[in-house]
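Hey, can you work out the whole structure from these sequences and the hints?
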Amino acid sequence: MTEICGRTKVIAPVEVVRSHWRRVESFPEFMLGVRSVRREADELTTWRLDDHEIPVRVKTSDRGISWSTVDGPRYEVVVLWRALPGDRTRLTWRIWVDEDSELGTPRELAARFRGDLERFADRMVSIRGLRIDHGEAWLKDPYGGRQPVAL
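So in this note's numbering, spot 71 of the sequence shown is number 527, and the numbers just go up one at a time.
Any given hint could be a false lead.
Label pairs and their in silico Cβ distance ranges [what the hints assert, rightly or not]: (1) Arg491 x Pro541: 32 to 42 Å; (2) Arg568 x Asp527: 16 to 26 Å; (3) Leu540 x Glu496: 27 to 37 Å; (4) Arg504 x Glu574: 18 to 28 Å; (5) Gly542 x Leu500: 33 to 43 Å; (6) Asp506 x Asp578: 14 to 24 Å; (7) Glu496 x Gly542: 38 to 48 Å; (8) Asp498 x Pro541: 27 to 37 Å; (9) Asp556 x Glu471: 35 to 45 Å; (10) Arg538 x Glu459: 17 to 27 Å; (11) Ala497 x Gly542: 35 to 45 Å.
No wet-lab data here; the hints were simulated from the structure. The beta-carbon is built from N, C-alpha and C at its ideal position, and this holds for glycine as well.
Have a look at this one:
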């Protein structure tokens with residue numbers, strides 16, 4: 457199991473960011489490889505990827521959103537948002553993935569998710585005139601240290 461962490465600042469009020477992330481059906485608009493997200497039950501969704509469908513459990517709160525695969529190799533993402541001064545929001549994210557994930561290597565997933573965040577910010581630009589600020593990502597080692605990931 458590998459843990460990948462990162463954070464990004466988005467120039468947008470936290471309320472705007474929160475409302476966009478809570479609409480999981482809109483994820484295909486900015487997530488590469490996700491063709492559709494369909495709600496099945498309270499927390500259960502089905503994600504149509506490029507070549508297959510996977511059941512994914514999605515949970516939201518006022519502080520963030522998380523999603524994880526229901527079956528097969530573990531893939532879990534947590535995105536937390538925090539208001540910053542000047543109508544900006546910090547997105548802090550973590551991904552946990554099994555080494556044998558069919559979704560890609562940990563570095564590939566970190567790069568893909570970073571791209572997803574950039575597309576999310578671009579979408580906000582087109583909707584509300586907002587933009588992304590700075591971002592970084594790192595792999596966590598078992599001793600609590602960080603290894604930067606070049607994105």
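Okay, the hints, checked on the actual structure:
1. Arg491 x Pro541: 32 to 42 Å: At 38 Å between Cβs, range holds.
2. Arg568 x Asp527: 16 to 26 Å: Once the Cβ atoms are compared, 21 Å apart, the range 16 to 26 Å for Asp527 and Arg568 holds.
3. Leu540 x Glu496: 27 to 37 Å: 35 Å, holds
4. Arg504 x Glu574: 18 to 28 Å: At 22 Å between Cβs, range holds.
5. Gly542 x Leu500: 33 to 43 Å: 38 Å, holds
6. Asp506 x Asp578: 14 to 24 Å: 21 Å, holds
7. Glu496 x Gly542: 38 to 48 Å: This hint holds: roughly 39 Å between Cβ atoms.
8. Asp498 x Pro541: 27 to 37 Å: 36 Å, holds
9. Asp556 x Glu471: 35 to 45 Å: 39 Å, holds
10. Arg538 x Glu459: 17 to 27 Å: 20 Å, holds
11. Ala497 x Gly542: 35 to 45 Å: Given about 39 Å between the Cβ atoms, the range holds.
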